[in-house]
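Chains as they are written, first to last, in the numbering used here: chain A, 848 to 1222; chain B, 464 to 762; chain C, 3 to 323.
Source of the hints: derived by calculation from the structure; they are not laboratory data.
Positions of the beta carbon are idealized from the N, C-alpha and C atoms, including for glycine.
A hint or two may mislead.
[Claimed, not checked] Part of the chain B face toward chain A, derived, beta carbon under 7 Å:
hint: 1; residue: LEU475
hint: 2; residue: VAL477
hint: 3; residue: PRO586
hint: 4; residue: PHE588
hint: 5; residue: PRO592
hint: 6; residue: HIS593
[Unchecked claim] Result set (BS3-like, lysine-lysine): computed pairs, CA atoms no more than 30 Å apart in a straight line:
hint: 7; chain 1: C; residue 1: LYS277; chain 2: A; residue 2: LYS890
hint: 8; chain 1: C; residue 1: LYS277; chain 2: A; residue 2: LYS915
hint: 9; chain 1: A; residue 1: LYS1169; chain 2: A; residue 2: LYS1184
hint: 10; chain 1: A; residue 1: LYS890; chain 2: A; residue 2: LYS1141
hint: 11; chain 1: A; residue 1: LYS1198; chain 2: A; residue 2: LYS1178
hint: 12; chain 1: C; residue 1: LYS277; chain 2: A; residue 2: LYS1140
hint: 13; chain 1: A; residue 1: LYS916; chain 2: C; residue 2: LYS277
hint: 14; chain 1: C; residue 1: LYS277; chain 2: A; residue 2: LYS1198
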Amino acid sequence: MRRGIAALVMLTFLVPVAALGVGAQGATIKIGVPVPLSGGNAKMGDDIAKAATLAAEEWNAKGGILGKKLEIVSFDDACDAQASVTAAHKLIDAGVVAVAGGYCSSAAIPASAVYHDASVAFVADASSNPKLTDQGFENVFRVIGRDDQQGPYAAGFMTKTLKAKRIAVIHDNTVYAKGLADATKAALEGMSGAQIVFFDAVTPGEKDFSAVLTKVKSLNPEATYYTGYYPEGGLVAKQFKDLGVSGKFLAGDANNDPTFISEAGNASEGVFVTSTPLPQDQSTATAFIDRYKKRWNQDPGPYSALEYDAVNVVIDAIRRVKVTDRATIIKAIAATKDYKGATGTINFNKKGDRASVLYITYIIKNGKFVPYGVS
Amino acid sequence: MQIALQQLVNGLTVGAFYALIALGYTMVYGIIRLINFAHGDIYAVGAFLGLSLYGLLTFLHIDNPVLTTLLALVISMGCTGLLGVLLYRVAYRPLLHARLSILISAIGGSLALEYGLFLIYSPSFLVYPHLFGRAGPSLGSIQISWLQVFIFVSSIMLMTALYLLVHRTKIGMAMRALAINQDAARLMGIDVNRVIALTFFLGSALAAFAGVLTGLYYSQISFLMGFLLGLKAFTAAVLGGIGNIPGAVLGGFLLGVMEGLAAGYFSSRWKDVVAFAILIIILVVRPRGLLGERVVERM
Amino acid sequence: MAYRVALIVAVVLVAVGLPLFGTPYLIDVGTLVLVYVMLGLGLNVVVGYAGLLDLGYAAFFAIGAYTTALLMVRYHVAFWLTLPAATFFTALSGVVIGTPTLRMRSDYLAIVTLGFGEIVRIAATNFTFTGGPEGVYGIPHPTIGGFVLRSPQAMYSLGMAFALLVLVGGYNLARSRLGRAWLAIREDEAAAQAAGIYPVYYKLMAYVLGAIFAGAAGSFFAVKLTAINPSSFTFIQSVTILMVIILGGMGSLPGVILGAAVIVILPEGLREFDKYRMFTFGIGLIVLMLLRPQGLWPSRIGQIVRRAVAVSEASAAGRPP
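Make the full structure from the sequences, and use the hints.
Okay, here's the thing in structure tokens:
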């Protein structure tokens, strides 16, 4: 009896497996959206998937493209190399014509090889590590800037605008944060007068960074740049203030999330955040934000607008070539010219990176991200 | 010198959290030889319950920060304690004699708790109200807040109370008897299941205490917060000698201080390597941890 | 019994049919099952045969993967030639972690191996020559003669060859002199020692062989994924491998295969449940254990011995404090 029950339980688990293979080519045009839906980055993944769905729904309301409806196929990549490769295979199996999404660079890089082997276009929306496009895959594009563009910008801001000489850089040993930290360090080393007094990593998932910050304090920095993600960023900013470390505190573009401010509380006042302009500060994005809020009843996440553009770049390419052949779509995306998206004008360079990305600095004032100066 | 003292304060604060959670690991291990993988997540549940309670109390217009904090602590500890007992009843009790299967059941429990929080609350990071400021006793340039003082004092008091309970009361004697020999204890008329349930209750309540304080002190909580801390607390329990209550406390504070010193004087990104290397060396020299006694191996 | 035969036939049919009829995704899932079969068989030597609880097994997996990846990418060594190197380094690391720790009892051993696993992962993240958090990417596909093993079918076949080798190795080990010595030590170390079996030597052998199996799995994993980074070798990975063998049934080879299939396919199958996936997986683990505490396919030798031990434990009254 017990064995019978056990077999039954196992069968129940295996039933969905039978459904796995189903669903190849159909009456819809499918666009794949791999995002983290479990683990610590699940919130970001959710925001990204919602933006993709919105883009597809808007075209469907207009009757779809090439006479077919669009369908977003979204799978969990858990920000993990192995899971993202599996998700990539599953997307290809599901018959997606192109892929637009991804969050963590550590997941996007291995998955890009799978898309490459299957000649599927991959438009990354949030993966900014330089290696992604440096691999030389012709099918890989991104709508976000590269860490080695933001790094020099941040270095310049600290040394020129803030006139800081002694600079501490803290990352969190993730692919993105280390990449940005390295790029910043490289840029600072090329500047006369700037001195890196501290360069080390904290551990993501921890909450107490007072030991590191006490060490930073003893080095009397004039500026401290944190390049990790906002969950730890808010805590680092708070403990930075609490311990009375000298100088300004700056954070990279994974910190432009309201949670950063609510975590740090009053300690967030006066913190600088380097970033591409947030959607609300771009005239091109206001319409998108309104529609997103109306559809999902919540504010868009920091990468929602980029994902919206990534999906639309794919749709735009399909509309231009009027076929859904995967290889043709890759060429069409590469030929994207002055696409007017929510995040501005989009062109791709030879590597697949977005040409001319603008970085600005925000300062947190009265609990809000306010553009600093005018750039 | 100032820096060194500050690092000591930093390490002891982290250590207090490690110690509170390590106690749950060590008590459960001492009695049923189970590495309760779900214990870290019990701590997370305590933190989330605390957040809900703050919300509820604000809704009821109870605004005194001290009163709300005490209520949140006590209610969260009670509810989380019961959850620990429930977990034992459902997932562990039927498997008490299957030493490795119970480990998988514990991992299942851990995932279910984590993603239960994920579903009920949110996948994103939640923020506690900022109730207590940075004010604290003035000790030169050393930064310490009253909240930190409260964390130290209250956790030391709870640990002492637990120690007295285990070593000075009848129920504590039953616990110790159980740890030595379950069958013999049963023959002596001890209600084994009740004693084990009580152990789970106490361990879970202490974890909930740590959970609410984490929310208050660090302000940020998330459904995965128990994983890393649970791992560290387990390490602390082993360092002190698993199954031993003063050992867990010593291990917790020691691990916190070691990490703080490693991050402060060596390198933050190598601090876990330093901590684990010291742990391995200690275990090679003292195979049963710092205060561990000889225990009979049970497979 | 008929239930077991039917299962074996089904597994073989699926294993053979998959590359012929499966979609690339299903084949990829199948390949992942094979990786966990290799890892499970290796850990089975350590935990199932020798009775040493290891919570840092992913470290050996990592060392194998990094050896192959670094040799192929930095020094352009052919895949096949990296295998002896991976074997050497994993065996060496087995000795390094094994020697000082083998006198410890199981739960202390568990935390020491856990620490070792974390040390290896953090070191791989911190060192520059291992590629830091980005790891190693652009790992070439292996070739046989002029033929490049690129397609999912080819990777699956390569994985199957590896898994079969490991399976044969595991099967023979259990029945060898070593296997009998491990069984003796696992069940009663003092008695085994009295009978002239030197426990430390045999335990070390279990470590080294288990490490080599994991190294082979790692080498394969590196070329399968073409990009590896430290986040694939976390504590969770070690626990997942442990789940494979306990779910399947300790010490049992068919159990390991079944366990690997469940651990990979269950979360994949639950993808349709979207948000509820991991929650359901957790509940599923508890339910499976409650229904089959000895695993899905317990080893029969283990069962008999366990029964005997249970009897002797029950009869042994007061133990020394």
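Here is how each hint holds up against the structure:
| no. | hint | result |
| --- | --- | --- |
| 1 | LEU475 | violated (11 Å) |
| 2 | VAL477 | holds (5 Å) |
| 3 | PRO586 | holds (4 Å) |
| 4 | PHE588 | holds (5 Å) |
| 5 | PRO592 | violated (9 Å) |
| 6 | HIS593 | holds (4 Å) |
| 7 | LYS277/C - LYS890/A | holds (12 Å) |
| 8 | LYS277/C - LYS915/A | holds (29 Å) |
| 9 | LYS1169/A - LYS1184/A | holds (16 Å) |
| 10 | LYS890/A - LYS1141/A | holds (19 Å) |
| 11 | LYS1198/A - LYS1178/A | holds (13 Å) |
| 12 | LYS277/C - LYS1140/A | holds (22 Å) |
| 13 | LYS916/A - LYS277/C | holds (25 Å) |
| 14 | LYS277/C - LYS1198/A | violated (36 Å) |
Consistency with the previously given hints fails for numbers 1, 5 and 14, ordered from lowest to highest.
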